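Participant: Residue-level listing of the chains:
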Amino acid sequence: MATVELRFSAQPEHVRTARLVAAAVARRAGVDEAVLDEVRLAVGEACSRAVGLHRTNNIAAPVKVALTEEEKTFSIEVSDEVPAPAGSIPGARSAPEAGSRGVDLEADGEDDMGLAVISGLVDDLEVVGGENGGSIRMSWPTASAVVMP
Amino acid sequence: MDLSLSTRNVNGPNGDRTVVEVGGEIDVYTAPKLREQLVELVNDGSYHLVVDMEAVDFLDSTGLGVLVGGLKRVRAHEGSLRLVCNQERILKIFRITGLTKVFPIHTTVDEAVAAAD
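These protein sequences, in sequence, are chains A and B. Counting along the first sequence from 1, when you hit position 117 you're at 116 in numbering that gives the first Met the number 0, and nothing is skipped either side. Counting along the second sequence from 1, when you hit position 71 you're at 70 in numbering that gives the first Met the number 0, and nothing is skipped either side.
Think of the hints as simulated: they come from the structure by calculation, not from any bench. On a predicted model such as this, the values are computed, not experimentally measured, just so you know. Check the hints yourself; a few may be wrong.
What the simulated footprint calls covered on chain B by chain A, stretch by stretch (three residues with Cβ under 8 Å from a Cβ of chain A suffice, anywhere in the stretch; the number is not a length) [as the list claims (entries may be wrong)]:
no.: 1; segment: 16 to 27
no.: 2; segment: 54 to 64
no.: 3; segment: 81 to 95
Glycine residues also receive a C-beta, built at the ideal position from the N, C-alpha and C atoms.
Isolated chain B, as found in the complex (with noise of 0.2 Å):
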């Protein structure tokens, strides 16, 4: 399945916040579209992301660089760059490589919207 992405702003407690949703796979292959949405949110001033990869069927190191310069991006604006992910097995890759401690994983949207930078 291939990488499908959509954005949308919501008015959260603490601020509008853009909402990515990820879809498919997010490889060597596709990483580049995401990098692209990310650095074209971050040009266009959405410096409080929100990463939804509740339909993401599979992650790899590439994509998780994609979101380390993601978050490098959105920090050089003091912005914020939050996921929410529930499955495991991309959770997963988050801890074997350190990356819990890097980036806040929420379980819902709307806790992610709402969270305080």
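Here chain A stands alone, though its shape is the one from the complex (with noise of 0.2 Å):
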């Protein structure tokens, strides 16, 4: 079980709510504080992924992000219910047509970018699609990872 659960509508204004959650549990967590500008940026990124391909999709379900304090590691899984199209790769349908967000976008590329930032960040990262929607899952070494006995 999720130590927090947020779910919230898939409205850009509240990606910032999902961040400062996200980086005030991952700091309870024990993430250091120099990678926790890097949780609130994937999560923001993974978030705001989210909610363009639910808008775009026209789909009034929220965007749901898990938060999980593990033994080791904290995990952060972003979920949307937007269904991969039949036979596309995983990950790989994150860049709806450009412009049809109907938010912010005009092709300049935001939505590729977001991935990217995203790999370019964190090591430890899973995209998935699946019929019933598709996820990111991140984690992040927590201080009682490192810590010597």
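Starting from two chains that each stand alone, build the complex the way the hints lay out.
Facilitator: Dropping the structure here:
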């Protein structure tokens, strides 16, 4: 079970809330202070992507963020409810038609850049697409993982 | 913290420059405001922009996309878009996306304003 679970309607203004909550829980879990900026950015990117997918596909369901403190790691899973197109490569469905998000895109390439940023930030990353939706799973070591006995 | 924006014109040694001071968080919610500002400046004929990011607390890929869009617009008028940034956590995002090769990034506004195109 997740330590903290967050569901928010797919509106851009709530992404900041998700970032703040994720950073707060990560800090409590013992994620290194120096890494918290990366956690904040990565979870923001994943949530922005999920919000964009929900809005593009007119999905009313909330975006889900699960923050889980484990023995040596802290993990975040951001889930959307947009089914991956049949036969698509998991993770490759991240680029809806440019401009179709209706929020703010003008084919400036934010969608691809979001995943690029996450890939650059997070070593332990899994992007999954399925018929019931997709998710981005990320994890970071906690302080207890590096403390010597 | 929300996004704050202000602009001022500076007469530099290589011509007029418009300095856009950005503060706060640039993300999926606030980036459209920055985009509107850049589009408006270009529509009004300001083709040489200096975006001062020293007061930016947070920048994500949506913000990067807006800056890239701004660069495309000024380049269409043979203009320029220079960034001012000394914050490591912001510079890191430009580095991992390879955008340090796309944007001239300066340490001071004066340096960016004085730069020749």
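Participant: Now, for every hint given, state plainly whether the structure supports it.
Facilitator: Hint check results:
Counting residues of the segment 16 to 27 of chain B whose C-beta lies closer than 8 Å to any C-beta of chain A gives 3; at least three are required, and the coverage claim holds. With 6 residues having a beta carbon nearer than 8 Å to a beta carbon of chain A, the segment 54 to 64 of chain B meets the requirement of three or more and the stated coverage holds. Counting residues of the segment 81 to 95 of chain B whose beta-carbon sits less than 8 Å from any beta-carbon of chain A gives 3, enough to reach three: the coverage restraint holds.
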